[in-house]
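K.L.:
The listed protein sequences correspond, in order, to chains A and B.
One point on numbering: in this note's numbering, the residue at position 435 of the first sequence is 854, and numbering is uninterrupted.
One point on numbering: in this note's numbering, the residue at position 218 of the second sequence is 1540, and numbering is uninterrupted.
If you're looking for bench data, these hints aren't it; they were derived computationally from the structure.
Each hint should be verified, as a subset may be incorrect.
Unchecked claim - Taking lysine-lysine and the BS3-like style, the derived pairs with C-alpha atoms no more than 25 Å apart in a straight line are:
{"hint": "1", "chain 1": "B", "residue 1": "K1644", "chain 2": "B", "residue 2": "K1591"}
{"hint": "2", "chain 1": "A", "residue 1": "K769", "chain 2": "B", "residue 2": "K1386"}
{"hint": "3", "chain 1": "A", "residue 1": "K928", "chain 2": "A", "residue 2": "K611"}
{"hint": "4", "chain 1": "A", "residue 1": "K429", "chain 2": "B", "residue 2": "K1451"}
{"hint": "5", "chain 1": "A", "residue 1": "K429", "chain 2": "A", "residue 2": "K769"}
{"hint": "6", "chain 1": "A", "residue 1": "K429", "chain 2": "A", "residue 2": "K928"}
{"hint": "7", "chain 1": "A", "residue 1": "K947", "chain 2": "A", "residue 2": "K437"}
{"hint": "8", "chain 1": "B", "residue 1": "K1451", "chain 2": "B", "residue 2": "K1471"}
{"hint": "9", "chain 1": "A", "residue 1": "K928", "chain 2": "B", "residue 2": "K1386"}
As the list claims (entries may be wrong) - Listed next, with one range per pair, are the computed distances between beta-carbon atoms:
{"hint": "10", "chain 1": "B", "residue 1": "G1528", "chain 2": "A", "residue 2": "I658", "range": "27 to 35 Å"}
{"hint": "11", "chain 1": "A", "residue 1": "L722", "chain 2": "B", "residue 2": "P1573", "range": "55 to 63 Å"}
{"hint": "12", "chain 1": "A", "residue 1": "A648", "chain 2": "B", "residue 2": "A1539", "range": "52 to 60 Å"}
{"hint": "13", "chain 1": "B", "residue 1": "A1614", "chain 2": "A", "residue 2": "A648", "range": "22 to 30 Å"}
In this text, all values refer to a predicted model and were calculated from it rather than measured experimentally.
Don't be surprised by glycine CBs; every beta carbon is placed ideally from N, CA and C.
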Amino acid sequence: MSNPALESPKPSPEGLPKVHYLNVDYGIRSWLFTTDHKRIALLYLASITLFFVLGGLFAVLIRLELLTPQGDLLSSESYNKVFTAHGVIMVFFFLIPSIPAVLGNFLVPLMIGAKDLAFPRINLLSWYIYTVGGILTLGALLAGGVDTGWTFYAPYSTVYSNSHVMLVAVGVFINGFSSILTGFNFLVTIHKMRAPGMTWFRMPLFIWSHYATSIIMILGTPVVAIAIALVGIERLFHIGIFDPNIGGDPILFQHLFWFYSHPAVYIMILPSMGVISEVICAGARKKVFGYSFVAFSSMAIALIGFLVWGHHMFVSGQSMYAGMVFSVLSFLVAIPSAVKVFNWTATLYKGSVAYTAPMIFAMGFIGLFTIGGLTGMFLATLGVDVHLHDTYFIVAHFHYIMVGGAIMGYLAGIHFWWPKISGRLYPEGWARFAALIIFAGFNLTFFPQFILGYLGMPRRYHFYPEEFQVLNVMSTAGASILAVGYAIPLVYLIWSVRYGPAAGPNPWKAKGLEWQTTSPPPTFNFDKTPLVTEDAYEYYSAAPAESAAGLTPEKQVG
Amino acid sequence: MSGLELIALLQNQSPTIPGPGLPIFPAQASNFAREVDWLYYYLTAVTAFFSVLIFSTVFYFAVKYRRRSADDLPLPIHGSLVLEIFWSVVPLVIVMSFFVWGARIYYRMLVMPADATPITVVAKQWMWKVQHPGGQREINELHVPVGRKFRLKMTSEDVIHSFYVPAFRLKKDVLPGRETELWFQPTQVGEYRLFCAEYCGTKHAGMGGRVVVMEPADYEAWLSGAPQGETLEQAGARLYRQFNCNTCHDPGSSARGPELAGKFGKPVKLASGQTVTMDDAYLHESILQPNAKVVAGYEPVMPTYQGLVSEEQVLQLIAYVKSLTREERAQVQK
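Excised from the complex, chain A in its bound form (with noise of 0.2 Å):
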């Protein structure tokens, strides 16, 4: 082992810089009608960490309900609205907005050497509607909940549910505009607003991953949003949709949620892969291996990831042909993956490799990824989805993606960018051994459910039959471990806020812009904008950035 002293950031001697911008307004109101992105991005911080930690507590429901296999601790209906809101909450309120309404607001201005977002009030504007459609959403579950599952399936959702499914959609409708608004942002920021000399090429990997979401985005949204209205019709007037009683198609349902939500898996997961990428770099100090596949590769999942949402429904009575084209393509987009996670590998190859919190997130991701991405092969695969489909394989499998993969990539980027926002460091020592202990107690909770799916558990059951019971109490314990895991960062970033050491511009002596500014940033980023004569991830350039300044952007574009 090399002495740790040299993998940990050192504090900076000088202090934090006078003006930046949480400092240079104070009152609820400077936060409330701020237009600046880093601040929106805390904002959003602030409410999917609150989304999170509720979403949490459902999960702690849930797995203790299953430590048993009768269903002792909670009535059906309760037990069903549980699961409900667990995944309504995580995916519409955390998952999605996390990494692309955090990180992204925060660093893509900063990354590309921009001053703002193009529509920094728009900005604003969709956290206000994130925060209308997250509260009616509390609202629905404070006045009794959902029981339909995230999912919302016809006809049960539209005609045979008693709960509040009607005030749920509308949050749920409510909030797809704030990502249609972020992605359209980011959209046009990156197209507009790049800093002299940054070409598409020498756009760090986070840009080209949030591009690629972005994308998703606008297009996917809309159609959720569509199938969520006509799900209102349907159960308010009575116009027959998707109940057959009525001349309407119950799969046709399933093809409108699947069309977003498939490529929604893909909103969650790409900014992730985009943090490792940067964190990889960082962490090896060396230029990712393979730029343009990682860099294209994105873009082929967000492409090809539009044309794969029939995999839902193998055995939803589809056609089989159908099956089959959709479990073609369902292969196909397994292959851009690969090819990130080989190229992350090789990145590392003749690094100099530190041992940071960030970088053991970033190597768990590689890790849990890897196995996430693998099982969804088994599901892919028609005669084995045939047995599999909602089963707990299906929940094992896309947690390890989500919680596995999003959730430890934004973790990762978190603990990456937190002297940035911040200006302080936060305890290495407490955040490796947080890592570990997040991975440990993921894998205890999760892989149990890949056993318990093959066995044949279906997902969604409030009890169980006793021969299930063994693996369930070893997914709980795991849970409990995971829970203790999440809660000590929430502990020592908050604590850090006021007692952390000051990073200095740039504790990792890391490359890319928001590294060449002060940490925390001025409220229009950058003194004088950066002039960009470098691919992105030169560690070993002789030339650092600033003694350039002798080139014109014209000759370092061309």
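Once you've looked at the hints, dock chain B against the given chain A.
P.N.:
Positioned in the frame of chain A, the structure of chain B alone reads:
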């Protein structure tokens, strides 16, 4: 111990529902189970191989190339086209092998064999109602003999359910307003769990039961002792008169509706100019939404029976209409 022996050991060979413990594999009780399991072993082996490969490579690089001093500056490596092609093509070939094998099994599962015995399954919140061709009815249970092929013709009275027997490795959603099918050939005597796999409301977790696979002799004994009602056709014939279908559809009636005898399975010319085959789906639709596809030469005068007949009764009516065609064919042959 070889890998295969280990698999055999882990394989839960017990033919009955397992007790508490730590089972890893469900019992194999249908013609599909063995092949699905082999494909699963293959997928698991590939997953294990690549997971170990990635984990150990990351770990090895992380240790071997650890940062040794604060100003380490490794040489950049831009990438390698050959490697990129290699690690795109190899996974592509592997996943295509998953696709081909998986699609073959899927095809066999979805194409119904002609010699399978039909059994009617009606799902409703939160129970399974089964009716055998001889009229035997059961609830939340399905008795079948080992070795014979069965074809479940399933529909739902309310929301979407899913008929799932893990030991058979089979599952199919059961939809309101249309019929879905699933076929199997039990291979192992025993009792196996039946689950509803599609979330269907409050008591979803309780919507289960068991499939009992019996020796053929025991099955015959069970059949004769099982609660017996009318056969599907008998019930259909009764309903046909009860709902006055005969006043329009019987030969020699006022001929406001097309005759039904001898038509099943044959093409029907519609008023719209289209031609459709008179099959289960067509009859189903024509009972519930008569004006959707009106036969050429007839007025759209038939009232809808939506809400008047249950899904189960629709299936009984369809069975009766089919029997009319069989009878006519038998008469022609005489």
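K.L.:
Give a verdict on every hint.
P.N.:
Here is how each hint holds up against the structure:
no., hint, verdict
1, B:K1644 to B:K1591, "18 Å, holds"
2, A:K769 to B:K1386, "8 Å, holds"
3, A:K928 to A:K611, "28 Å, violated"
4, A:K429 to B:K1451, "70 Å, violated"
5, A:K429 to A:K769, "24 Å, holds"
6, A:K429 to A:K928, "10 Å, holds"
7, A:K947 to A:K437, "17 Å, holds"
8, B:K1451 to B:K1471, "20 Å, holds"
9, A:K928 to B:K1386, "21 Å, holds"
10, B:G1528 to A:I658: 27 to 35 Å, "33 Å, holds"
11, A:L722 to B:P1573: 55 to 63 Å, "59 Å, holds"
12, A:A648 to B:A1539: 52 to 60 Å, "58 Å, holds"
13, B:A1614 to A:A648: 22 to 30 Å, "26 Å, holds"
Hint compliance for this structure: hints 3, 4 are broken, all remaining hints hold.
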